Structure formats: structure tokens, C-alpha cells
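Student: For reference, the chains in residue letters:
2 protein chains.
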Amino acid sequence: MRLTLIAAAALAAHAYAGELPPRPSVADVVKASKADDWRPLDPRNTLYLELPAGRVVIELAPAFAPATIANIRVLAHEQYYDGLAIIRSQDNFVVQWGDPDEEHPRSFKSAKEKIPAEFTMPIKADPHFVKMPERDGYAPQVGHSDGFPSARDPKSGRTWLAHCYGMVGVARGEDPDSGNGAQLYVVTGQAPRQLDRNITVVGRVVSGMPLLSTLPRSAAPAGFYDKPEQRTPIKTLRLAADVPEAERSKFEVMRTESASYAKVVDAVRHRGGPWTKYSPDYVDLCNAPIPVREAK
Amino acid sequence: MRLTLIAAAALAAHAYAGELPPRPSVADVVKASKADDWRPLDPRNTLYLELPAGRVVIELAPAFAPATIANIRVLAHEQYYDGLAIIRSQDNFVVQWGDPDEEHPRSFKSAKEKIPAEFTMPIKADPHFVKMPERDGYAPQVGHSDGFPSARDPKSGRTWLAHCYGMVGVARGEDPDSGNGAQLYVVTGQAPRQLDRNITVVGRVVSGMPLLSTLPRSAAPAGFYDKPEQRTPIKTLRLAADVPEAERSKFEVMRTESASYAKVVDAVRHRGGPWTKYSPDYVDLCNAPIPVREAK
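Protein sequences, first through last, are from chains A and B.
Going by the numbering used here, the residue at position 30 of the first sequence is 30; the numbering climbs one at a time, nothing skipped.
Going by the numbering used here, the residue at position 166 of the second sequence is 1166; the numbering climbs one at a time, nothing skipped.
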């Protein structure tokens, strides 16, 4: 007898008083989607983080961090990250990579040491926003921008990417301009939305999250590994455009402006029976999945 | 140069135009707390899940699931779980344990096969609720109940535990009464609050989350391991009261009714500088930490 959270048809003998009518699941919506509901990743906006256990694929969002992403492209092109390591894994928060050698850190070639903070952008920089009707605690408006969870404040006229699971940000010191892309982090726990508008967010992991989410946690302060052997080495970190085409991963992201994506969000907002007994009729921004699939 | 998300004093040379005044951190509040802000775990309400890599400590919340927890105590006492396995690890969702042998499942001794659903309880069952002022998308009210994140609906007069990171629930089939405690799951990803009011929640992991959160993810449907060697064996799962006192873990949980706990929540709601540039002045229920410490 296998009890799942999702379904266990063998146990459905007893009807529940308040049974909800069935509704399409996310899988149903994805299955019914059309080819033009999807877009391929752009090699100029795709990073491959190659770890000993495999490849993590990151989609960059240049509309939200153009200067920082330009710098990251230079760093990747000049092989700055190769041979560095994952230096931090804090449970229910983030993993982070960078140069573990604090005494003799690797120097930059053409990349800039200082990049102006890109914590928020003018709303006009993002014409792709599709607003969710949900009220959000951290922002006046939330929704999706061309494949990324985002938020905005019409009063200030600013928009920003939201710290959901799998989002990639730029570690910085106290100076807001100190994040140059040399150290990047990925959210591996409950969405730390308090970081929104405090840090430059550059993209999202679209494949390979388990390679990061299963890394050993460090109990040292802020989850930095305190022993060199705890670190995971970075083989390479490359822009897909710098990788021969035959070696590129072929992924497609569901267009968040499509009618199919609206149905995806509806599928997690309004849940049907028989397993679900109570539909939340609400979905948190960070609980709305953004489908990714391998291109045929 | 170590850039952290938290602080990097060496880089503080440049003041930021909108610098926030410093405020106490959670660590500061914990440090300033008094002995009676804490309560020890009750051995009758504490489970030890012993894995090859170490002990996971779970605090049970009998106010929210009295019949189910009574059954789990019987199962643990009669050593039902010993030698079973973690059978599921779905990225950004849950791990789950139970009997991997579907053809010849282990039978119960005195434990009950069917337990009435305890998805919600009458509000009067929980006199310890401290309401947060925050508006929540999934429930009319949220807050904390004697060490657990909880939610309630004054109109229906019902309360329930919330699916935050580390919460422990009872897997079930489609029949709402089919969750008997034989299979338990722990939230290891973004809070799946859509499960609230749909499943019986029995407690929270207070120590050892990394032993669960780092388990290999399965790409098979719903994250069930499809190869036996992927499973992690359960050495034993015992009620602390059934374990000799010398072998018990000594943990204390901050009383969520204490003034110190109100300060903890304030510390994550209103964030001070110098690292933070924008204070959210809001905190999601599942982003409010519930401090645990080893007793002296």
C-alpha cells in the first residue's frame, strides 16, 4: 500500500462529504499545450555550471540586471569561475559559489570590480509582466516576467525579480555596488523574499536544482564551509553561446504570457478532487511552477 | 574577499543614501532571552528518527492531532518503523518514509489502520495561539501555537498547523481517514500551504533537518525512489519517553507566547542596516524562525 500526497486510487472507495470536482492538473495543462506556448533558451542568456555530478542550467534575465549580467558574461568567457568552488550551503536558505582562497583571490581580467546595484529596475524595462490577482505580503503586485517570478510597485515605478526557489542572485558586501557577479547564490529553501530589493537577482535555475539542493549543509556561521574538503569544485561555468552547439542543453520554457501558462497558475490556485478536499483558491508567487521541458 | 548575504564589514566603507538604522537580529534577541522564555521538549511528544547519518528530532503537537499522534506513539512503541526506509524525496517538496515492501507490507500490532482525519481542530483546542498581524494568502489568520506555525478561520471556528519547512504530516490516500501514521513526510522545500486543511499535520523537525533535506532527489513520479538502493534505511523511530534518559537529546524551544519571541518575529519583519537597504516590514508565517537550542 503506497500512500502518496498526490493520489492513491486504490483507497478511493470512500467518497468524502465535501468532494471537489476534478480539475486539470499542471501535467494536464502541459500535455495540452501547443508548440508556440514554449520558447527555447537563448544561448546568450544561458549559463552552464558544470559540477562533478552534472550540469546546472541557469537562465539569465538581462532586463532586470543588464550591467551585472554583462559582467557575468565576461567572467564566464574569461573562465574566471573555472576551478573555484561552492563555498556555502545553508540549510533552508542558499548555496553560494566563489573563490575559496581569501588570501590570494583570483584577479579579474576584463571584468569590472564594481557594478552599480541593480536591485530594482524601471517598470518600463519589463514589458512582459503578467500580473497575478493574488495579494502578496512583500510587494504591491506580483506575477511573471518572461519566465521569471517578479514583483513591482506602481507607486515607485520599479520592478524586481523575486527570491523564489531556484532564483540566482549576486552576493554582495555592505556596499550596494559591491556585487560584481564573482560570487553567485541560488535559493534552496523557503523563499527569502526579505532579500527582494536588497540585492541584484540575475536569473533562475531551469535544470539541475537537485545538484545544488542536496549539497551538504554547513553548520558554520551563515553556512560557509569551514573545511576545504566540504566544498564542491566547479569544473567550469560557461555561457551557452561559448559552448559548441553539440554540447548545449536543449530546454524550452513555457511562455508566461501564454494562455497555457495562465492555466498552469489556475491549476495550482484552484485544486480539484478527488485527493484535494479543500482548494486554497490562492497561490503564492513562489508556489506557481514555471514549466521547463527538453526540446525535441 | 568573502561576500556574504549577511554582512561583510570590510566593505562597509561606502555609506548608502537610504541607510537603515541598525536593529537587533534574531541572534541578538536569542542572546538577550531569559531562561523562562524557553521550554524543554516533552519526551511524550518527541520522536527520534535514527538514520545511518544521525538523529532527526521531531516535536509532536497533540493539540492538533490527538488521535493520530496516539497511533504514532503506539507504532513507535511497538517498533513498527524500525527497518523501514525513506522511500521518497521530491525536490522542493517533501521526503517521506514508510514500508517499501508493497507486496508484503508489515502488519500493525495494536495500532489502528484507520484514524479519523484531523485536518483541522476546533479553535478552543489551541489556547496558545499568538496571532501575527500579517495578512496571509492561505488563511484568514496566522501565527504561532506553542512552538508551531498555525492558521485559523474565526468564521468556521477551526484551526490547523501550517505546512512550513520542517513540518511533519501524515501521508494519506484519497480517503480522508486513510492516514494512520505509518507513512510520515517532512516538508523540505517552499511551504506547500495548499496542503493545509487537506492532511493531518502532527509536528515539526526541531533538529536534524539537513539529514533529510540533503537526501538524493528522485526524478521518478512524485519523487518516489524507483530503485531500492536509493532508499535510506530507518534504524529506529522511537518516542523519547521510550528511550533511556541518558540517550535523550536535550533541546529547548523558545516559547512562542513569550515577549522574546515577539522580538524574534519583529527582527525578521523589520530589518535594520547596514547590510539591509530595504526593510520588508512584513514576514511570511513560514519565514518566522522558531528558535531551538540545546539545553545546558
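Quick caveat, the hints were computed from the structure, so don't treat them as lab data.
Source: prediction; values computed, not measured.
Among the hints, erroneous ones may be present.
Straight-line C-alpha distance at most 25 angstroms; calculated BS3-like pairs for lysine-lysine [as the list claims (entries may be wrong)]:
(1) 34(A) with 155(A)
(2) 1131(B) with 1031(B)
(3) 1031(B) with 1235(B)
(4) 250(A) with 34(A)
(5) 1296(B) with 277(A)
(6) 277(A) with 1124(B)
(7) 1277(B) with 114(A)
(8) 1277(B) with 124(A)
(9) 1114(B) with 277(A)
(10) 277(A) with 34(A)
(11) 1112(B) with 1131(B)
(12) 1277(B) with 112(A)
(13) 155(A) with 124(A)
(14) 1235(B) with 1250(B)
(15) 235(A) with 263(A)
(16) 277(A) with 1227(B)
(17) 1277(B) with 155(A)
Here are some, though not all, of the chain B residues that point toward chain A, as calculated from beta-carbon distances under 7 angstroms [stated by the list, open to error]:
(18) 1197
(19) 1251
(20) 1277
(21) 1278
(22) 1289
Backbone N, C-alpha and C fix where the C-beta goes; we use that ideal spot for every residue, glycine too.
Student: If a hint holds in the structure, say so; if it does not, say that too.
Tutor: Okay, the hints, checked on the actual structure:
1. 34(A) with 155(A): 37 angstroms, violated
2. 1131(B) with 1031(B): Cα-Cα ~24 angstroms, so holds.
3. 1031(B) with 1235(B): 36 angstroms, violated
4. 250(A) with 34(A): Roughly 18 angstroms separates the two Cα atoms, so the pair holds.
5. 1296(B) with 277(A): Given pair residue 1296(B), residue 277(A) is violated - Cα atoms ~45 angstroms apart, limit 25 angstroms.
6. 277(A) with 1124(B): Distance of about 23 angstroms is within 25 angstroms: holds.
7. 1277(B) with 114(A): 18 angstroms, holds
8. 1277(B) with 124(A): 23 angstroms, holds
9. 1114(B) with 277(A): 18 angstroms, holds
10. 277(A) with 34(A): 31 angstroms, violated
11. 1112(B) with 1131(B): It is violated: about 35 angstroms lies between the C-alpha atoms, which goes past 25 angstroms.
12. 1277(B) with 112(A): 23 angstroms, holds
13. 155(A) with 124(A): Since the Cα atoms of residue 155(A) and residue 124(A) sit roughly 13 angstroms apart, the hinted pair holds (cutoff 25 angstroms).
14. 1235(B) with 1250(B): Judged against 25 angstroms, a Cα distance of about 20 angstroms means the pair holds.
15. 235(A) with 263(A): 39 angstroms, violated
16. 277(A) with 1227(B): 32 angstroms, violated
17. 1277(B) with 155(A): The hint holds at about 18 angstroms.
18. 1197: 4 angstroms, holds
19. 1251: At 15 angstroms from the nearest chain A Cβ, residue 1251(B) fails the 7 angstroms test, so the hint is violated.
20. 1277: Result: holds, 5 angstroms to nearest chain A Cβ.
21. 1278: 4 angstroms, holds
22. 1289: Violated, because the Cβ-Cβ distance from residue 1289(B) to chain A comes to roughly 9 angstroms (cut-off 7 angstroms).
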